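Residue numbers (UniProt numbering), protein chains in the order written: chain D, 1 to 131; chain V, 1 to 118; chain A, 1 to 261; chain H, 1 to 589.
Wrong hints could be hidden among the right ones.
Claimed, not checked - Keeping only pairs whose Cα atoms sit at most 25 Å apart, straight-line, the calculated DSS-like set for lysine-lysine is:
| id | chain 1 | residue 1 | chain 2 | residue 2 |
| --- | --- | --- | --- | --- |
| 1 | H | K460 | H | K258 |
| 2 | H | K335 | A | K228 |
| 3 | A | K228 | H | K322 |
| 4 | H | K335 | H | K258 |
| 5 | H | K107 | A | K228 |
| 6 | H | K321 | H | K299 |
| 7 | H | K32 | D | K5 |
| 8 | A | K98 | D | K21 |
| 9 | D | K99 | A | K228 |
| 10 | D | K99 | H | K107 |
FYI, nobody ran anything at the bench for these hints, they're computed from the structure.
Quick caveat, the model's predicted, so the values are computed rather than measured.
Listed here are the chains, written in short residue letters.
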Amino acid sequence: MSRYKPTLKTYRRPMAGWWTKNPFYVLYMIREGSAVLLAAYALVLLVGLARLAQGEAAYEAWRAALASPAAIAFHVVAAIVVAYHSVTWFGVMPKTAPKLPFPARLVTIGGIAAAVVVSIALVVVIAGATR
Amino acid sequence: MRRSHEPIFWSLFGAGGMLSALVGPALILITGVLAPLAIVLGPDALGYANMLVFVHHPLGKLAVLALISLFLYHGCHRMLHSLHDLGMHAGRGAAVFFYGFATAGSLVCAALLFTIGF
Amino acid sequence: MTDTTPTPAAAAPRTIEIECLRYDPEQDSAPHFQSWQVPFDDDTSVLQGLQYIKDHLDGSLTFRWSCRMAICGSCGKMINGVPQLSCHAFLRDYWPNKVRVEPLANFAIVRDLVVDQNEFLDKLESVQPWMQPCEKLNVADGPQRQTPAQLDQYYQFSQCINCLLCYAACPQVGLKPEFIGPAALALMHRYNADSRDRGWEARAEVANAEEGVWGCTLVGYCSEVCPKGVDPAHAINQNKVNSTMDYFGVRKLLAPKGGAR
Amino acid sequence: METINSDIVIVGGGGAGLRAAIAVQEADPRLKVALVSKVVPMRSHTVAAEGGSAGVIRDDDSLDNHFDDTVSGGDWLCDQDVVRYFVERCTEEMVRLEHWGCPWSRKDDGSINVRFFGGMKVQRTWFAADKTGFHMLHTLFQTSMQFPGIQRFDEFFVAELLVEDGRVQGVLAIEIATGKFFLFRAKAVILATGGAGRVYSQNTNAGIVTGDGMGLAYRHGVALRDMEFVQYHPTALPGTGILITEGCRGEGAILTNKNGYRYLQDYGLGPLDPWPRPKAMELGPRDRLSQAFWHEERKGNTIATRHGSAVNLDLRHLGAKKIHERLPLITEVAKTFAGIDPVHEPIPVRPAVHYTMGGIATNGRTETTLPGLYAAGECSSVGIHGANRLGSNSLSEIVVFGRAAGENAAAYVRTQSAAAPASLERQAQAAAARLEALHQHERGERVAVLREAMGECMEKNVGIYREESGLAEACSTLAELRTRWRAGIKLDDRSRAFNTEWLSAIELGSMLEVAETMAHSARERRESRGAHVRLDQYAERDDENFLVHTLAQRRGDDAPAITQQPVVITTSAPRTRSYGGAGTKAILT
Ligand SMILES: Cc1cc2nc3c(=O)[nH]c(=O)nc-3n(C[C@H](O)[C@H](O)[C@H](O)COP(=O)(O)OP(=O)(O)OC[C@H]3O[C@@H](n4cnc5c(N)ncnc54)[C@H](O)[C@@H]3O)c2cc1C
Ligand code: SF4
Ligand code: F3S
Ligand code: FES
Numbered sequence: 001m002s003r004y005k006p007t008l009k010t011y012r013r014p015m016a017g018w019w020t021k022n023p024f025y026v027l028y029m030i031r032e033g034s035a036v037l038l039a040a041y042a043l044v045l046l047v048g049l050a051r052l053a054q055g056e057a058a059y060e061a062w063r064a065a066l067a068s069p070a071a072i073a074f075h076v077v078a079a080i081v082v083a084y085h086s087v088t089w090f091g092v093m094p095k096t097a098p099k100l101p102f103p104a105r106l107v108t109i110g111g112i113a114a115a116v117v118v119s120i121a122l123v124v125v126i127a128g129a130t131r
Numbered sequence: 001m002r003r004s005h006e007p008i009f010w011s012l013f014g015a016g017g018m019l020s021a022l023v024g025p026a027l028i029l030i031t032g033v034l035a036p037l038a039i040v041l042g043p044d045a046l047g048y049a050n051m052l053v054f055v056h057h058p059l060g061k062l063a064v065l066a067l068i069s070l071f072l073y074h075g076c077h078r079m080l081h082s083l084h085d086l087g088m089h090a091g092r093g094a095a096v097f098f099y100g101f102a103t104a105g106s107l108v109c110a111a112l113l114f115t116i117g118f
Numbered sequence: 001m002t003d004t005t006p007t008p009a010a011a012a013p014r015t016i017e018i019e020c021l022r023y024d025p026e027q028d029s030a031p032h033f034q035s036w037q038v039p040f041d042d043d044t045s046v047l048q049g050l051q052y053i054k055d056h057l058d059g060s061l062t063f064r065w066s067c068r069m070a071i072c073g074s075c076g077k078m079i080n081g082v083p084q085l086s087c088h089a090f091l092r093d094y095w096p097n098k099v100r101v102e103p104l105a106n107f108a109i110v111r112d113l114v115v116d117q118n119e120f121l122d123k124l125e126s127v128q129p130w131m132q133p134c135e136k137l138n139v140a141d142g143p144q145r146q147t148p149a150q151l152d153q154y155y156q157f158s159q160c161i162n163c164l165l166c167y168a169a170c171p172q173v174g175l176k177p178e179f180i181g182p183a184a185l186a187l188m189h190r191y192n193a194d195s196r197d198r199g200w201e202a203r204a205e206v207a208n209a210e211e212g213v214w215g216c217t218l219v220g221y222c223s224e225v226c227p228k229g230v231d232p233a234h235a236i237n238q239n240k241v242n243s244t245m246d247y248f249g250v251r252k253l254l255a256p257k258g259g260a261r
Numbered sequence: 001m002e003t004i005n006s007d008i009v010i011v012g013g014g015g016a017g018l019r020a021a022i023a024v025q026e027a028d029p030r031l032k033v034a035l036v037s038k039v040v041p042m043r044s045h046t047v048a049a050e051g052g053s054a055g056v057i058r059d060d061d062s063l064d065n066h067f068d069d070t071v072s073g074g075d076w077l078c079d080q081d082v083v084r085y086f087v088e089r090c091t092e093e094m095v096r097l098e099h100w101g102c103p104w105s106r107k108d109d110g111s112i113n114v115r116f117f118g119g120m121k122v123q124r125t126w127f128a129a130d131k132t133g134f135h136m137l138h139t140l141f142q143t144s145m146q147f148p149g150i151q152r153f154d155e156f157f158v159a160e161l162l163v164e165d166g167r168v169q170g171v172l173a174i175e176i177a178t179g180k181f182f183l184f185r186a187k188a189v190i191l192a193t194g195g196a197g198r199v200y201s202q203n204t205n206a207g208i209v210t211g212d213g214m215g216l217a218y219r220h221g222v223a224l225r226d227m228e229f230v231q232y233h234p235t236a237l238p239g240t241g242i243l244i245t246e247g248c249r250g251e252g253a254i255l256t257n258k259n260g261y262r263y264l265q266d267y268g269l270g271p272l273d274p275w276p277r278p279k280a281m282e283l284g285p286r287d288r289l290s291q292a293f294w295h296e297e298r299k300g301n302t303i304a305t306r307h308g309s310a311v312n313l314d315l316r317h318l319g320a321k322k323i324h325e326r327l328p329l330i331t332e333v334a335k336t337f338a339g340i341d342p343v344h345e346p347i348p349v350r351p352a353v354h355y356t357m358g359g360i361a362t363n364g365r366t367e368t369t370l371p372g373l374y375a376a377g378e379c380s381s382v383g384i385h386g387a388n389r390l391g392s393n394s395l396s397e398i399v400v401f402g403r404a405a406g407e408n409a410a411a412y413v414r415t416q417s418a419a420a421p422a423s424l425e426r427q428a429q430a431a432a433a434r435l436e437a438l439h440q441h442e443r444g445e446r447v448a449v450l451r452e453a454m455g456e457c458m459e460k461n462v463g464i465y466r467e468e469s470g471l472a473e474a475c476s477t478l479a480e481l482r483t484r485w486r487a488g489i490k491l492d493d494r495s496r497a498f499n500t501e502w503l504s505a506i507e508l509g510s511m512l513e514v515a516e517t518m519a520h521s522a523r524e525r526r527e528s529r530g531a532h533v534r535l536d537q538y539a540e541r542d543d544e545n546f547l548v549h550t551l552a553q554r555r556g557d558d559a560p561a562i563t564q565q566p567v568v569i570t571t572s573a574p575r576t577r578s579y580g581g582a583g584t585k586a587i588l589t
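Here chain D stands alone, though its shape is the one from the complex:
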């Protein structure tokens, strides 16, 4: 089909600041923003790995730095933000799945439950293995 395409004088509204105009968008930006902290955390780990490769002294210095209040504060914030990422991740997970024969909410609930279980297991295992 072809369609007659008119030439119109129209007005296009600017997009600037769009994400401040609706709470839904603000939450979306926070979700996306969680990635910054996650990447930063990956870099922290990478540095730790490098220090580990350099020997005990370097590694212990890194550990000491991690105990500084600034580092603790960073990690607390990062953990909260990444937890928000987890919730939203499982929230949208059904969207990427094929049409399911059960309510999509179950995927979300199941995902979050799995994350909680894995998290607890991780702490328990590490605590047990390093006692």
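Position chains V, A and H with the ligands against the provided structure of chain D, taking the given hints into account.
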């Protein structure tokens, strides 16, 4: 229309997103709060000796590589799109930068794991 | 039994302030707001409020509408910043505050509350939204079989009334005008997911493109505002998986399609 | 003025127009079609049809049954040769829609499911949940996109036909977005502009259903036929007129008055079946149901609501599961627009104007008396509806006769050559100047004032029941309103861009003429038949004098000339129309 190569990066992003959704918050708490402050965990939970044992094991190596690399890809992918969301259309250059960064980080990580030995 | 005797509160005449964005391409260089006081009742829709203005206060206020029963998809507006069908939003829910009506976001304005839907119409066509069966069908052979379960696979995605609310909800549409967008991609999926259709390959070029499913960053607001429960975010994002499998050459192995016969 | 050349112009992008466009392309892909519509096709009013579309498919049904139901439903005012042609092609068209992807509701084994519908004595109504028209329209619209020979002109308002050498050669249209005039040249024009329900104030129709095409043809000497037959739908929401589909009653809903009594049994529609039961007296023809309401209202048995009186449509005995599964749209509509959950409460309903049986007179091949001009769909009177359309026959009509119009027009244009452009151009300029004058008018009355006066006049005098005095009043009121319209409409809107006030003024012109044909045709039909029921001395059907179509012919600014045209009767001689226990025993399954 041109075929997008997004499937490669989206897969890495998705893997990183999944991994971080499952273990991210717990891991950050463990390495960044519980271990340094010795809450729940012993003071040497992440001590040199323990960590060395961990990264010497092939599965330990794999875990570290997966975490660091996928977190980086996940993060870089989202940051790239956020630039666009904020109205900064940095084009191909930005994609090369972000994905390049994640790839470089992954390679460094692999190299370090290799140097640490088995 | 229904008690339809008017309650005193419902009978009392109330008015509400309706504020509309106005733009006349022949006069204005930029849009501006104008307000009116409109009497309303418990079942007066925002559309009826606008009609009141047009009929009695200012005949030049311009907006699209037709069915006034939420099925033709003409009357979408931003109502207090949220994309909605104006025939399906009620003034009672905004009173005593004013209600602000603007043209759908992310579209260019043609006049007042009327937006330019030309690009959308092209996008709709670009996904080839028609049945592409594996072999030519003869009417004499009668209807094909399709079980309710097979119908269920795509039925939800066939509910789209092209009201454009999802386009107004999706920032990617505004940021990247070439993005095919939620409704059109949902329509593509509607055909791909139909057991009678074999058109995946023909539609794949669009699906696999940056302008196709990859233009979506899963904001998800499209599905939130959809008045017909189409869930375009679902249609698009499950096709990111399909497109990825296609990219790595494994789609055929992993997603064989149930036959119609 | 921009000129667009094509072989066939189709005015209207509803079901009929789209089906016609596809038919032209299937007949001959080299033909160029210009599909011109004042709204984007999927906004057309076909989208609102809920219940279903008729087509014989069950083993216990036959074409003869469908024929009989249609002819008796139409009170023998149907042209039986055309009805035969129609019933023979309905199923084929439904199958074609299935092949094009229409999501018809299915049985568990995957075969097509059909339901009961008013006046249809056997289950033969194909349905797609309760969004049949929506699915048919979108299927046709999407299917039409694959034909390169169809060029769409969305949001173009056709304001005039261009006739040269005694045949139609084009149309003049306004591009709504810019207000610019366009001249469309073509060898044939198909009108598929839909009905005219908006001439009444209480109606189930969309805002665009303003009888434009009827007005266009009428102004060029084509008769409007059987315009007195206007169907009321018995179950619309009071006030807005939003329709509560007959499908509800097909699924087993009942109608009760304020005493909870199933009053239809008092009006020859009984017997009172034990219920719940799939088919009940509530499925009698629409005219009978609407009339029963009128009587109940007189007797004081109706329920007073804020928007006038109503009766109850009760679905509660169907149970939540069935209601949600089979009638999701209606549940939503009742909740939103009336604040009622049909699972727990009955829905208040009343009759509202729904369908115009009459329209542009065509023969069984959709040809009008003006060479090159075809009409299909609700704007036409092809001869199948007679004095009363049966529910679910009109969705079938738009595809059966949309296709016929497309094919016949395609065959016709191969025998024609194009017109001399210069004279068409002159005509178009003259028509444009008249429309321009309307646009420029600074003084006069508002569109809404005349429109409301017309709607109320029709409601009061040309409604469910008619009588001489009221019809006489309607005729003179409408003549006066036409004079006032000619004297000038005051437009607030001086812009050309998307000037909908200007378009409403043009539409109002057509509506007033169409309304006038309705009133005059009704006045001349001194009998009662189908949807046309008189309370004065003409309360009976009179086959001797009135087993004929009514033709209304325009006479300039004067009242229309009313004449008669014979009805084609082939096999079914007129009988008494009866339903329920007195009629053919309903086949229940
Ligand atoms: C609420 C409701 C429910 C219904 N349910 C059923 C049902 O269940 N079963 C059934 O069989 N029937 C039903 N009907 C009737 C049926 O839907 C209609 O008769 C049928 O859809 C009409 O189709 P159409 O193609 O003739 O016209 P429409 O769909 O009304 O299309 C008219 C077209 O003409 C265009 N047009 C009009 N004027 C102009 C102009 N001046 N310039 C350019 N374009 C113009 C419009 O833009 C539109 O595209 C129902 C009707 C209503 C109101
Ligand atoms: S997907 Fe929903 S919101 Fe978007 S156009 Fe379709 S019906 Fe409207
Ligand atoms: S809002 Fe837009 S980004 Fe995707 S999920 Fe919906 S299309
Ligand atoms: S007027 Fe049709 S959707 Fe609102």
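Checked hints:
no.	hint	in the structure
1	K460(H) - K258(H)	24 Å, holds
2	K335(H) - K228(A)	15 Å, holds
3	K228(A) - K322(H)	20 Å, holds
4	K335(H) - K258(H)	21 Å, holds
5	K107(H) - K228(A)	24 Å, holds
6	K321(H) - K299(H)	36 Å, violated
7	K32(H) - K5(D)	17 Å, holds
8	K98(A) - K21(D)	18 Å, holds
9	K99(D) - K228(A)	17 Å, holds
10	K99(D) - K107(H)	21 Å, holds
Consistency note: the structure conflicts with earlier hint 6 alone.
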